Structure formats: structure tokens, C-alpha cells
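> Read top to bottom, the protein sequences are chains A and B.
For the first sequence, the numbering used here gives the first residue as 1158, with consecutive numbering after it.
For the second sequence, the numbering used here gives the first residue as 25, with consecutive numbering after it.
Please keep in mind that the hints were generated in silico from the structure rather than gathered at the bench.
Just so we're clear, the structure is a prediction, and the values are computed from it rather than from any experiment.
Incorrect hints may have been included.
Stated by the list, open to error - With a straight-line Cα cutoff of 30 Å, these simulated DSS-like cross-link-like pairs (lysine-lysine) come out: (1) LYS1362(A) <-> LYS113(B); (2) LYS55(B) <-> LYS113(B); (3) LYS1318(A) <-> LYS55(B).
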Amino acid sequence: MEAYLSVLTFALISVVSVCGIYVLTGLTGMFSLGQAAFMAIGAYISGMLVVRLNMPFALAAIIAVAGSMLIGFIVGLPTVRLRRDYISLVTLGFGEAITALLNQSVQVTGGAMGFSGIPQKTNFTLVVVSVIVSVALVGFLKVSKYGRQCIALKSDELAAKAMGINVPRMKMIAFLISVGMTAYSGVLYAFYTTYVDPSMFGWRKSAEWVIMVFFGGVNSLTGSIVATLILSALPEMLRFASEYRMFFYSVLVLLIINFKPSGLFGEFELSPSHISKLFKRGHKNGAVNVAASGKDQ
Amino acid sequence: MSPQIIVNGIALGSVYALIAVGFALIFNILKFSNFAHGSLMTASAFIGYIFAIKTKLGLFPVIIVSMLAGGLLGVLGEFLAFRRLVNRKASSIYYFVSSITLGSLYEAVVTIAAGPNFYNYPRFFHKLVISIGSIVISRSDAIMFVTSWIVLGLLVLMLSKTRVGRGIRAVSFDADTASMMGINVVRHIQLAFFLSGALGGLSGVFLGINYTLYPQLGNLVTKGFIASVIGGLGSMSGAVIGAVLLGVIETLLINFIGSGYAPVFTFLIMLVFLLVHPQGIAGSNVQEKA
Chain A
1158 MEAYLSVLTF ALISVVSVCG IYVLTGLTGM FSLGQAAFMA IGAYISGMLV VRLNMPFALA
1218 AIIAVAGSML IGFIVGLPTV RLRRDYISLV TLGFGEAITA LLNQSVQVTG GAMGFSGIPQ
1278 KTNFTLVVVS VIVSVALVGF LKVSKYGRQC IALKSDELAA KAMGINVPRM KMIAFLISVG
1338 MTAYSGVLYA FYTTYVDPSM FGWRKSAEWV IMVFFGGVNS LTGSIVATLI LSALPEMLRF
1398 ASEYRMFFYS VLVLLIINFK PSGLFGEFEL SPSHISKLFK RGHKNGAVNV AASGKDQ
Chain B
25 MSPQIIVNGI ALGSVYALIA VGFALIFNIL KFSNFAHGSL MTASAFIGYI FAIKTKLGLF
85 PVIIVSMLAG GLLGVLGEFL AFRRLVNRKA SSIYYFVSSI TLGSLYEAVV TIAAGPNFYN
145 YPRFFHKLVI SIGSIVISRS DAIMFVTSWI VLGLLVLMLS KTRVGRGIRA VSFDADTASM
205 MGINVVRHIQ LAFFLSGALG GLSGVFLGIN YTLYPQLGNL VTKGFIASVI GGLGSMSGAV
265 IGAVLLGVIE TLLINFIGSG YAPVFTFLIM LVFLLVHPQG IAGSNVQEKA
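Make the full structure from the sequences, and use the hints.
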């Protein structure tokens, strides 16, 4: 039971970061290959504040998220005005730089040996509450004015600009939201495992998150979350096949991109009206689809 | 700043140039950043390594085998990951995810086949260094430098003078119009992937000789990416200039502050470059097409 709970906790922490990735990739169409580095920043800053300065956990978490958003602002500043390829390339370089920095500053961070001795403050309740809050946040963002602006610029930046959307500003906002959420998941992670080391936060990790979002459906938050739960819990259950894990992931996602590009869930979103429809069988079947497609506009 | 450092930097930069040009070839023709390039480098370097161990031949046969392997892997990757996207005229984010996934696939196959171990290429030369006056050049650096520039020169000749080279440029410029002019677009895309893969194979072997061979060797592709950002995304000459510049800067940094912090500073240089001069050295800033 204990083991299952821990698998579930890790999967839920991933859901928090994937919610952030969804804002960036699903809504805005940008890719960050340094997102895991922001997770590392959140984890290290909060961990060090608590361990070295005896700061209360909540305050340390807030400072860590704010600090990583500040760094995200500096990284994002030159890229939001340019073609979207730049943000992937720049964040990739950023991830390498952060890993190098963490490995080098041995006195401060423990270097490649990792940073240990973080007290365990994250419990299952906190993780569940965090997941609910972040899913709700992203869900509301998606249907808000900002979310619709993001979706507009994702499909055509030029047309979005012509409609009066401030494209660089929207890209920056989306990037910062996603950085903040990823950093927060880093805080949760560090205070759950009580130990972090730089090798956990390479660009493979960021790529894995992007893959999860695409697996579930890049236009569907529900799909991304379900995909995250499946893809992050499954390998823990199948420990014996760990070598083949990435292989299966890759083949699966290549198949999805080539043959069902909208992902497992397409445009489907789970909404409250939807759930009540589901329980009232005997209703017109079409009503469900109408609710789903109406929700996405 | 001694001439020795500059020479070493240029030798390193010419390998980065191979990576950056291989990346730019694909960027030009399909307008996306090919993140599978790094793992392709690793995979073809491993094939070259196996060939070297099995046959005990010298460096040049190994290079040719690796280049061929890289080229074929490139064509295979195009077929597996991008052909359907081209046919569907998919938006660039799909290319992006497809290339990342393809990269993971190559890397996973290499890891399964080779394990997470480190390998060393057999020693190809007896005399390790060449000295000219006070400058000492290691034999592998010299060969790296000469081979890289010969290959890049041949590539430029091919792209500018031959029929297929003009075809590739036409498809890069506008695939629809090119196809109306009777150019077989798919064939030329395949050819571009072959060339890019061959360059990747060559740079993989050189990186393997310079460092060691391991499944994550492909992460060094970041250098090529940084070089093409500095040089201007999608520009060949810019990529080469950016790569040589990056090689020299990096060698200087390693010399003065140590290799550990070098990635941090190269990243900061890239960031400052983008803030001040975002179109890169070559000045051809590719805008998102509607």
C-alpha cells in the first residue's frame, strides 16, 4: 500500500508540472527543453532556504517560485519576440547551464553528489490539494480571455497580431505561468524525496513531459493529465522493463503523432456538465458531444 | 591569448560547424529544429566504433562507414517520423515533437545495445602531435580540421553547382512551387536528410575520438544549436562562423575559468547575443510564415 501511495504521489507531482507544460505547449504552442531546470531551481532554492536558513516551508516555497519566475523572465525576454524555435533552443542551453552550475558549486549545492537532508514536508494531502488547484487554474485559464488569446497565437501568430493581441506579452505570460508551476512541482518533489541531484533534471525530463502532453492530446487538458498519470505510474509498475521504457514511449508517441495527431483525447475536455450527463444515461447521446465541443471554443 | 588556444579553438569549432550545418540543412528544408540530430550522431558513431573494432581498419574507412550509417539513419528517420507530417502539411509543433521522440528512440536503441558504458575508439595514429614552430597541434585535431573543411567545401559546391543541390535549395525556398516545376520534393527532402545525417555521422566520430563514446554523447549537439543561434537560424555560412567563434570562445573559457563553468558562460553569451542582435551574424532572421 505504501509503495502504491508513493507511486501515486510522484505521478501527481508530475501532473503539476505537466499542467505548466500544458499552458506553454498546449495553449501557446511553445516548447521548453529546459523546463526540468526550472524544477531544479525550485527544488534547490526552497531546499536550501529551509535547510540552511531554517525558513518556514511555505515562505521558502513562495520565494523559490518567485525566484524561478524571475530567472524565467530573463531567459524568456530575448526569445518571446522571435520565432518559436528560439525558445526551445535557448531553454535547452539554459538547462545545460543550470546542470553545469549545480554540478560545479559543490560548496553550496553538494555538486554531483546531490543535496540531501531536506525535511519531508510534502504529504499526500498537500499534493492532492496542489493538483486540484493547478488543474483548476489551468482549466479556467484555458477558457479565459488570456487562454483564448494564447490559442489564437498558437495557430497563427501573424493573424493573432493583426487582431490586436500583444503576442510577445502573451508568450511571456504563458512562459512565466508554466515556469512557476514547474518550480512549484520541484518544491513538492524535493520535500517529498528529501534528496535532489543535478542529473534528475536533464533535458530528457523536459522532453518526457512534452511527450506526455502530446500523448494525451495537445488540445486537451484532461488528456494530458490522464496521459501523465498513465505514463508516469506505468514504468514504476513495470520496473523489470526499465531499459525498454524509453523505447516503448518513443514508438508509442511516434505512432500517435503519425496516425492520430490530436492525441488520445483529441479536443475532449471533462467538464462538470459532462459528468452529470454521464450519470444520466438515457439522455440523448449527442448532448455529451455538444457540451464537449462547445466547451472548447 | 596565445596562438595555441586559437588553433585548438578553431579545430573544435570546425566539428561544431559540422553539427550546425547538418542542423541548418534540415531547418532550411522543413523549417523546424531537428532535435534528433544529437542521437543520430551518437548512433552512427557507435556503428563506426563497432566497424573499427571488428575490422581493425584505419580512421578513414571508419569515417566513411559512419557517414554512410548516419545518412541512412537520417533517411530512415525521415520516413518514420516526418514523411506523414510533410504529406499532411502539419504545423511545426508536430515536427518538433516527432524529432524529439525520434531522438529518444535512437538513444534508447543505443542504450539497449551498448549499455550505459563508456567506450574508446582504438588509437588510429602512432605519432600523436604535429608541431609547427611553437604551436603544437594534436594529430586528431589536425585531421578533424582538414576533413571538416573539405567536407563542408564539397557540400557548398554541391549545393551551389549541381542539379540536385539547386533542387534542394529550390525546395527549401518554396516546396509547392518547386514541385510545380517538376522537382520531386520527397526525393530532395530525403537527400537533405541523407546529407545532414552524413555530417552528423562525421561529427559523431570526431566527438567520440575527442572525448569518449557513450549513449549521451549526443548532448554535445547543444553546441551546434548554440552555434546556429549565434550565426542566425537557418543560415549555412552563419552556422559555420558561429561554430568557429563558439569553439574559440569555449577553448578560451576552458583555459581561463575551467571546463565546468564553460556551459554557463556560453549560454550567457548566446542570451546576450539574442538580446542585442537577434538575427544572428548572418542576419537572415527566419520569420514565422503565416
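> Each hint: holds or not?
Consistency of the hints with the structure:
1. LYS1362(A) <-> LYS113(B): Status holds; Cα separation ~29 Å.
2. LYS55(B) <-> LYS113(B): holds, 12 Å
3. LYS1318(A) <-> LYS55(B): holds, 21 Å
Of the numbered hints given earlier, the model fails none.
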